[in-house]
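Residue numbers (the working numbering), protein chains in the order written: chain A, 30 to 257; chain B, 903 to 1553.
Each hint should be verified, as a subset may be incorrect.
Residues from chain B shown here face chain A by an in silico Cβ test under 7 Å; the list is partial [to be verified]:
1. 1208
2. 1396
3. 1403
4. 1406
5. 1407
6. 1409
7. 1410
8. 1412
9. 1413
10. 1414
11. 1415
12. 1416
13. 1417
According to the in silico footprint, chain B covers these stretches of chain A (three or more CB under 8 Å from chain B) [as the list claims (entries may be wrong)]:
14. 63-69
15. 111-125
From the structure, some residues in chain A lie toward chain B, with a derived Cβ separation under 7 Å [to be verified]:
16. 90
17. 104
18. 106
Since the hints were made in silico from the structure, they are not lab data. A quick note: this is a predicted structure, and the numbers were derived from the prediction, not measured. All residues carry an ideal CB built from backbone N, CA and C; glycine is no exception.
The residues making up each chain are set out below.
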Amino acid sequence: MTALDNVSIGAEGGVVTGLIGPNGAGKTTLFNVITGLQSPSSGRVSFDGDDVTGLSVHRRAQLGIARTFQRLELFGSMTVRENVQTAAEICELWSRKETPARTRTEEILDRVGLRAVADAPAHTLPTGLARLTELGRALATSPRLLLLDEPGSGLDSAESGEFAALLADLASEGAAILLVEHDMDLVMQACAQIHVLDFGVHIASGAPDHIRSDAEVRRAYLGEAVEA
Amino acid sequence: MFPAGTSSEPRTRITLGEFIGLTIAGLALGAIYAIAASGLVVTYTTSGIFNFAHGAIGMVMAFVYWQLRVEQHWSAPLALFVALLLVAPAIGLIIQTTLIRRLNPNDTGMALVVTLAVMVALMGIAFTLWPQTQGRLLPAFYGPNAHLSIGGQLITYEELISIGLAVATAVGLRLFFYNTRLGISMRGVVDDRQLMAMNGRSPAMLSALSWAIGAALGGLAGILTASTYSLDIINLTLLVLNSFAAAMLGRLRNLILTFVGAIVLGLLDAYVVGYLKLTGWLVHLRPVVPTLFLFVVLLALPAVHLRSGTAAIAKAIRIPAGARSLGNGVALVVLAVVVAPFLHGTVLGNVNAGVALGIGALSIVLLCGYGGYVSLAQYAFFGFGAWLFSEVGHGGNPVGLLVAAAAGAVLGVIVALPALRLRGLELALSTLAFGQLAYYMFFLQPEVMGRSDLAIPRLHLPGLSLESGDRNLIFLTVVFALASAGVLALRRSRFGRILVASKDSQVAVATLGLNLRLSKILLFALATALATFGGALYGSTQRLVTADNFQYVSSLFIVLIVYVYGVSTPGAALAGGLSLAIAPLLAVHIPVRFQAVTYFMTGFGAFVLLGRPTGIIPAASEWLHDKLPRRVLHEPAVGTVEVSRAAASDA
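Using the sequences and the hints, build the whole thing.
Next comes the structure, spelled out in C-alpha cells:
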C-alpha cells in the first residue's frame, strides 16, 4: 500500500503552513517520514538545503526538527513541568544553551499557558492540555521546523483562538511551522499557506481563500465536513 | 585460560551413512523445536504477549502425560488426547483469562514479568507434584527397537513421528490461518484490535483461543522432548529459549521462517554432537548451541523502527528527597548494628549474603525500574564479579571491588550490544541466553568454579577487619545504604529524568534529539558495574562459591522478587536479596515435598503486580501515607466512644 504518492511539500520559515485532508490522507505518515520514524521507499527529505533522508531520528531532531504526536507520547509518569524540563535537558546534551534548562522550562510553561497545571501528573491531563504539554516539550528544543499533529483537538473555540495567536507568535520568531489540523477555523486563521492531501495524493495548495474555493478540496474534504 | 588439551583434535571421519543418520536426528529435533516455536508464534501474533511460560506449559504437559500413561496405565492415544486436547488448552485458557487478559501488550516489562512468573510458578508446582528425587521415564511410543533402516542407518519411529507431526502442524496452521475465517481474524488482531472488535470478533476471545492452541503445541513439543530425552523440569522448561531462537528468525510472526529456524537449529545440534569432540572446555557446548544461534540471529536482524502510539501509561512513584533517603539509610544501618549481635551461624551467613545480593540487585532497580529494560542475567554478573574478586582481590584488597565494577561496565556494554537495536523483549531474552552461556561455558569450567569450590578472600579494609560475620553485616548494610542513596540521587538527576522519559516514550525522546542507543549503553554499563560490584561483595561474604551459586534460573528469581517488592524502589533490592537468601532456611522446617519455596514465593508473588503494579513497598508506603495521619487524628475520638459506651452501660 502506498501511504504517500509523490507528495512534495515545503514549509517556509516565519510562517505557519497548514496540511489538511481526510483521515487516512497520509498526514501523520508524512510527519513520520520527515522526522525519520518511517523511511520513504523513494524520495528525499531535505532540511535547510541538506538531504536528511538517511539520518536517524535523533540526528534530525538535533538539526532543529521537533514535533508533537496525534496519538499522545507524553512522559506519563512525570509532571507537566518535568515533561518540559526533561526535553530542555535532553536538548542541553546536544546543543549549547545560554539559559539553564529550569529557567527555559518556566518560560515555556508561561508562554504555552501551562502554569496552572505545571505540577499535575501528565497522564491525568485532559486532551487539550496534554497536546499543549507536547508543544511545550517540542519548544524546549528551540526547533527551526515544528511539526504539529492535530494540536487543536481538545481545545474549545476560545482556547483555539489563543492557540492561533500563539502559533503566529512562534512563527514570527522565524521557525517554520507545519500544522496538521481538522479544526478548519484554526487552520484558516493561523496558516498563510495550505496543502491538501487525499489518500496520499497532493491535490491542492494555496492561500486559505484559494483553498476554501477549490472545488476538488471541497469534494474531498471540506464538503464532507459541511454535510456532516 | 582454558587449555585446549585434546579437544581440538578432529574426530575420525564420518561416513555418508553416519551423516544421513545425523541429519535425520537433527531433523527430528528440529521438528520438535518447530512445533514448540510455532505455538509461541501463534500466541504472540494474536495476543501480543510473548509467552515466557511456553516451555513450562510443555514441561507440565509432559508430566501430566507421564502421570496418565505410566502411573494410570492409560493407552498412549487416550493419554495424548486428554493431555493435549483437554488439559493443555484448559491451562492456556486459565492463564489467559486470569492473568494475560489484564496485561497491556504495550507494557513490555510487565508482560514479561507476569509470563515469567507463570513459568516459575508452574515449575514450583511441578517440583511439588513430581519431586525430582524420583527418576521418571516416558516409554517410547513404539519401543526402542522399532525402526526403519535407510542406507544402513537406523531411524527410529520416534524420529519419524516427530517429523511427521511437525509437517502436520505446519500444514494445519497454514490452512487454519489462511483458509478459515477464524484464523484470518486471529492474524488480524494484533494489527488492529478495534477493527477486529468492529468485525464482531472479540480480541479477548481470539487471544484466549491463541493461548489454548499455543499451550497444546507447547504440550506436544514437551511430550516429544520428554520421550526422546528425559523428564527434567528445568531442561523441559527452557525449551522456550531454544524455540525462541527459532521463532526469532521470523521475528516471532513469520511461521515459515520459524520452521526454517527450527530445522537449522536441530541440524546444528546434531552436527555439533557428530562432528565436534565435546570434551575439555567444549564439554557443555551442546546446551548453548541454540543460544549462540540466537545471538547470530539477533545480530543479523534489521533494526526495529520506533513506533508511536505504543506508550504505556506508567504510574508515578514518589521519589524520596535527598534528606529523606539519607535518613532511611541511617535508620537501616542503626537497625543492622542493633540486630547483628543477635544473629549467629547460618542465619547470620544468609542474612549477610542477602544484603550483598541486595547491593547487586540495585542494578535491577536501575535497569528495570528506571530504564524499563528487563535483564535476566544478573546472577551471571554476580558470578563474574565474585570470580574476578577472587582473581584480583588478593588478601581482600578493596581495589578488587573497583576492578570488578570496571570490568562489569565493559561486560554490560557487550551484553547490551546484540539487542540494542531491538525491543525490550529481545533484550530480555538475549540476557537470559547470556546467563545460560555464562553458566555453561564459564562458571562450569573446571578452571573457574566448575569442579571444586572457588575460594574468595573476605574483603579487608585498611584498619578494619571484616572477618567476623556481624561486622561484615554492618559494613554491607553501610554499603547498601550508600549505594541506594547513590541510585536515588541518580534518579533525581538529569540522567534519571531522561531514563524515565525514555521508558515512558522512546519515540518522544528520540524526536527530542536523544541518542537512545548511547543512553541504553550507558545505563547497561552502569547497572552491570553495580551488579558485578555486588557480586564481588557476595563472593567475599560467602568465601566459597560454586557454579551452583550462579545458576541462570536464579536470575529469574531475583528479577521477579524485586518487581514484587517494587522495582522502582531501592528498598525492594534489599528486601528481594534477603528474601532469596533466607528462603532456603525455611526449607529446613517444611516437608521435602514443598521445598520449592523460592519458586512459589517469586512465581505466585509476582501476581501481586496485577493489582499493585508498582509493587508491595510503594503500595504499602502509599497506604501508610493515607492511613497514618488519619488514625492519629481519630485516636481521641475512639477514646470518647469508649467513654460514652461505658457511661451508657452504667445507666
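Evaluated hints:
The criterion of a C-beta within 7 Å of any C-beta in chain A is met by residue 1208 of chain B, whose closest approach is roughly 6 Å, and the hint holds. This hint holds: residue 1396 of chain B has a C-beta 5 Å from the nearest C-beta of chain A, less than the 7 Å allowed. Restraint check, residue 1403 of chain B versus chain A: the minimum CB separation of about 5 Å is within 7 Å; hint holds. A distance limit of 7 Å between C-beta atoms decides the matter here; for residue 1406 of chain B the minimum to chain A is near 4 Å, and the interface restraint holds.
Interface hint at residue 1407 of chain B: satisfied, since its Cβ lies 4 Å from the closest Cβ of chain A, which is below the 7 Å cut-off. Hint status for residue 1409 of chain B relative to chain A: holds, with the closest Cβ pair at about 5 Å, below 7 Å. About 4 Å separates the beta-carbon of residue 1410 of chain B from the nearest beta-carbon of chain A, less than 7 Å, and the hint is met. Satisfaction of the interface hint for residue 1412 of chain B is found here, the shortest Cβ-Cβ separation to chain A being roughly 4 Å, below the 7 Å cut-off.
Hint on residue 1413 of chain B holds. Least Cβ distance to chain A is approximately 5 Å, under the 7 Å limit. Interface hint status for residue 1414 of chain B: upheld, as the beta-carbon distance to the closest one in chain A is roughly 5 Å, under 7 Å. Hint status for residue 1415 of chain B: holds, given a least beta-carbon distance of 4 Å to chain A, under 7 Å. Hint on residue 1416 of chain B holds. Least Cβ distance to chain A is approximately 5 Å, under the 7 Å limit.
Interface restraint check: residue 1417 of chain B against chain A, minimum CB-CB distance 5 Å, threshold 7 Å, status holds. Coverage of the stretch 63-69 of chain A by chain B holds. Counting CB-CB distances below 8 Å, 4 residues qualify, and the rule asks for three or more. For the stretch 111-125 of chain A, the stated coverage by chain B is satisfied: 12 residues place a CB nearer than 8 Å to a CB of that chain, which reaches the threshold of 3. Satisfaction of the interface hint for residue 90 of chain A is found here, the shortest Cβ-Cβ separation to chain B being roughly 4 Å, below the 7 Å cut-off.
Taking 7 Å as the C-beta cut-off, the interface hint given for residue 104 of chain A holds, the closest approach to chain B being about 4 Å. Interface restraint check: residue 106 of chain A against chain B, minimum CB-CB distance 4 Å, threshold 7 Å, status holds.
Checked against the numbered hints above, the structure violates none of them.
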